[in-house]
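Line order of the protein sequences matches chains R and U. Count along the first sequence from 1, then add 3; that gives the number in this note's numbering. Count along the second sequence from 1, then add 3; that gives the number in this note's numbering.
Read the hints as simulated data drawn from the structure, not as lab findings. Be careful, since some hints might not be right.
Copies of the same chain look alike in the list, so a pair counts if it fits in one copy or across any two.
Stated by the list, open to error - In silico DSSO-like cross-links for lysine-lysine, where the CA-CA straight-line distance does not exceed 27 Å:
#	residue 1	residue 2
1	K227	K107
2	K90	K227
3	K116	K280
4	K144	K125
5	K183	K193
6	K239	K16
7	K154	K144
8	K239	K87
9	K107	K154
10	K87	K227
11	K176	K239
12	K276	K16
13	K107	K87
14	K239	K183
15	K280	K193
2 protein chains.
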Amino acid sequence: MHTNMLTDRDYHKRIQIIQQKVRDKGLDGVFIFANEAEPANVRYFTNYRPVFEAAGIIIPRTGDALLLIGPETEALAREHSVIKDYKKLLEFRESSDPDYPDIKQDTFNDIFKEMNNGEGIKLLGLIGTNIMSVQVYEGIKNALPEATLFKEDGLLREMRMFKSPEELLILQKAAGIAGKGFEYAMNRIKPGMTEFQASAECMYGVYSHGAEGTGFAIWCVSGKATNQAIGISTRKVIRKGEIVQISMGVMVEGYVSSFGRVLFFGPMDPEVKRLLKTGLTANAMTHDLIRPGVNASDVAVQVYDYISDQGMGDHVVYGPAHGIGMMECEYPFIETTSQFIIEEGMTFAVDTFLAAPRYGMRFEDTVAVTGNGVNQFCNFRREIINL
Amino acid sequence: MHTNMLTDRDYHKRIQIIQQKVRDKGLDGVFIFANEAEPANVRYFTNYRPVFEAAGIIIPRTGDALLLIGPETEALAREHSVIKDYKKLLEFRESSDPDYPDIKQDTFNDIFKEMNNGEGIKLLGLIGTNIMSVQVYEGIKNALPEATLFKEDGLLREMRMFKSPEELLILQKAAGIAGKGFEYAMNRIKPGMTEFQASAECMYGVYSHGAEGTGFAIWCVSGKATNQAIGISTRKVIRKGEIVQISMGVMVEGYVSSFGRVLFFGPMDPEVKRLLKTGLTANAMTHDLIRPGVNASDVAVQVYDYISDQGMGDHVVYGPAHGIGMMECEYPFIETTSQFIIEEGMTFAVDTFLAAPRYGMRFEDTVAVTGNGVNQFCNFRREIINL
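All chains should be modelled from the sequences, with the hints used to inform the complete structure.
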């Protein structure tokens with residue numbers, strides 16, 4: 004239990020793989036960006052995740068990868084990062100823009116000059132472009148006025164989309180902790196509690212069972228707020244006769260499982276029961292339909308058609324499943340417009356969310372595609388839990 | 004307890020104030036950006052905070068403010084935002100870049116065209132520039148090819164730097180919850196526990212006492228890791244004879260208090276005791292020195308000189324206090340290079356952090372500058388806690 008499942012070697016191997024892709028593409032290197040809200044890109048190669056600050060990695064076509072951090076995380080990076088070579092740049096400092104009069108900073112200019120045995124960088128791929136900050140992007144452009152920059156998120160996406168046996172074990176562990184944490188909380192949440200208090204029970208449940216973090220702030224919402232695709236717990240009091248929705252993404256070694264369940268106290272309105280039953284049937288269908296060789300859009304269309312036949316087509320916000328791994332939600336997405344074949348080694352959050360005007364529901368679980376179907380990492384109480 | 008201390012009127016008043024600043028500066032509007040890791044800029048005007056996604060606000064020189072959200076947070080924004088007029092833009096979608104084939108999106112183009120009674124925007128101020136994503140920035144630039152964009156973070160900074168009586172009450176409440184949560188955890192943390200488990204006790208402590216969130220993931224680190232200015236709990240087991248450092252930032256109504264304490268189990272090495280005593284003296288000095296009319300750099304220099312006289316000058320990473328409010332760390336910073344006079348209504352985290360090579364320590368508390376000194380919002384066990 005006290006050893007990481009991923010070794011330094013696993014991280015170094017990932018660097019080698021993307022370095023080969025850089026050479027195959029004819030690039031001089033890639034720059035990979037991550038921030039506190041979305042640390043996955045950097046953690047995938049280093050096991051380091053930025054807190055408060057942003058972070059980056061430069062992987063040149065030849066030579067060693069370099070970690071870029073802000074001024075305050077030096078001790079943290081030294082302890083956690085597999086890449087031991089790092090530089091501190093003001094562009095990665097925390098969002099409040101401190102001055103750090105006493106800390107020596109490096110510059111993109113000096114860093115790029117030394118890359119590729121002093122040949123520098125003329126063609127640079129960028130990864131993490133959708134979250135990259137303007138100041139980092141402009142810092143790079145100013146340091147490389149002659150270079151051409153390409154959006155190359157795909158290079159990393161194609162790596163992260165398929166999980167190794169170790170990654171699958173970690174995700175399975177994360178899913179198991181979510182189930183145990185939920186069971187702990189379920190036995191404590193009662194009408195009369197605030198959503199905050201209920202969330203506290205969930206948090207204690209998952210952290211005391213071994214979570215290292217959560218992919219997002221756990222939410223426990225009730226009543227009308229259950230129709231929020233993305234929720235935030237509030238100080239609203241949970242009452243009998245309303246849907247209580249719990250969503251949590253448990254993190255282990257940087258990998259996030261996703262877990263959603265509904266609790267209900269007291270007598271249930273028939274319309275609510277019909278929503279929940281429709282959701283559960285759509286959820287079971289999705290678990291059945293995901294298998295290797297299947298067209299992703301076929302899964303989405305069949306699930307959507309079923310929900311639509313129940314008169315709830317307008318309750319659908321997004322497709323029935325999304326990729327999951329170091330991000331709670333990542334490529335590939337199973338949508339009606341998806342254009343990919345499901346393959347062994349992919350992992351999905353089967354995420355059945357229906358938003359009616361006055362309430363909503365979500366059942367969510369993490370699965371891995373096997374040779375002939377899916378491995379359901381946690382199926383604890385995937386049912387109407389009426390307490 | 005179940006009512007927010009800030010009313011819709013308070014938020015609308017803030018919008019009016021910045022709109023007046025926009026006019027005074029001769030701008031046609033400001034665009035304000037926030038993301039999940041740093042929601043403060045948007046929450047300050049709306050009470051809404053983006054989760055998974057980013058968010059923005061456009062405040063034109065005349066007419067109503069407009070909230071910009073991503074495709075998945077419509078129900079959340081409708082519930083939480085004080086600004087009821089909103090648009091959904093793909094540029095604000097979550098970091099995994101979903102497609103959302105079924106959701107109708109708006110565009111920057113259409114939005115800007117209608118601003119200022121159809122006169123549009125020629126001079127636009129930008130706020131939140133240090134975290135702004137490239138895709139949002141370029142979305143704006145492409146929609147306003149003729150406009151001039153200015154970095155105007157200062158407009159908001161000068162508003163947020165001074166706290167109203169309501170804001171002070173909220174921060175005081177957040178600080179009180181941190182103290183109570185720490186007391187709860189302190190009575191449960193024991194040698195033999197992992198840092199994860201200890202953090203779980205802290206989390207339960209603050210959430211069960213009324214926290215709505217935390218300004219950063221609470222950390223409880225031990226041994227060598229205590230010299231990390233920014234820490235992350237790990238599965239390391241806490242042992243007797245090593246420093247245990249707890250840092251937590253408790254959020255209430257979007258405002259974050261900051262709280263840091265050291266726990267110690269068993270006999271203490273004299274060198275460790277000297278570090279802690281030096282830190283506590285520097286901490287008390289800082290509390291004494293911060294008062295209205297004082298030059299901020301004088302505070303920093305005096306505290307630094309004291310620490311340096313103890314032979315620990317090289318243990319200092321940053322100045323003795325930083326602004327605090329909707330961000331756990333925000334302007335103004337008390338550094339040796341600071342150029343401002345401390346004034347009533349400012350709030351600071353007195354943040355004494357010393358990083359020795361093999362361990363470190365932090366004492367941290369939230370204070371408000373009053374007419375003649377500071378109001379210490381929480382001073383629970385600001386001492387060497389040897390259990």
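Checked hints:
{"no.": "1", "hint": "K227 / K107", "result": "between (52 Å within a copy, 23 Å between copies)"}
{"no.": "2", "hint": "K90 / K227", "result": "between (48 Å within a copy, 22 Å between copies)"}
{"no.": "3", "hint": "K116 / K280", "result": "neither (61 Å within a copy, 46 Å between copies)"}
{"no.": "4", "hint": "K144 / K125", "result": "both (11 Å within a copy, 26 Å between copies)"}
{"no.": "5", "hint": "K183 / K193", "result": "both (18 Å within a copy, 23 Å between copies)"}
{"no.": "6", "hint": "K239 / K16", "result": "between (48 Å within a copy, 26 Å between copies)"}
{"no.": "7", "hint": "K154 / K144", "result": "both (13 Å within a copy, 18 Å between copies)"}
{"no.": "8", "hint": "K239 / K87", "result": "between (47 Å within a copy, 21 Å between copies)"}
{"no.": "9", "hint": "K107 / K154", "result": "between (31 Å within a copy, 26 Å between copies)"}
{"no.": "10", "hint": "K87 / K227", "result": "between (49 Å within a copy, 17 Å between copies)"}
{"no.": "11", "hint": "K176 / K239", "result": "between (32 Å within a copy, 18 Å between copies)"}
{"no.": "12", "hint": "K276 / K16", "result": "neither (50 Å within a copy, 44 Å between copies)"}
{"no.": "13", "hint": "K107 / K87", "result": "within (18 Å within a copy, 46 Å between copies)"}
{"no.": "14", "hint": "K239 / K183", "result": "both (25 Å within a copy, 22 Å between copies)"}
{"no.": "15", "hint": "K280 / K193", "result": "within (23 Å within a copy, 46 Å between copies)"}
In terms of the numbered hints stated before, the structure departs from hints 3 and 12, listed from lowest to highest.
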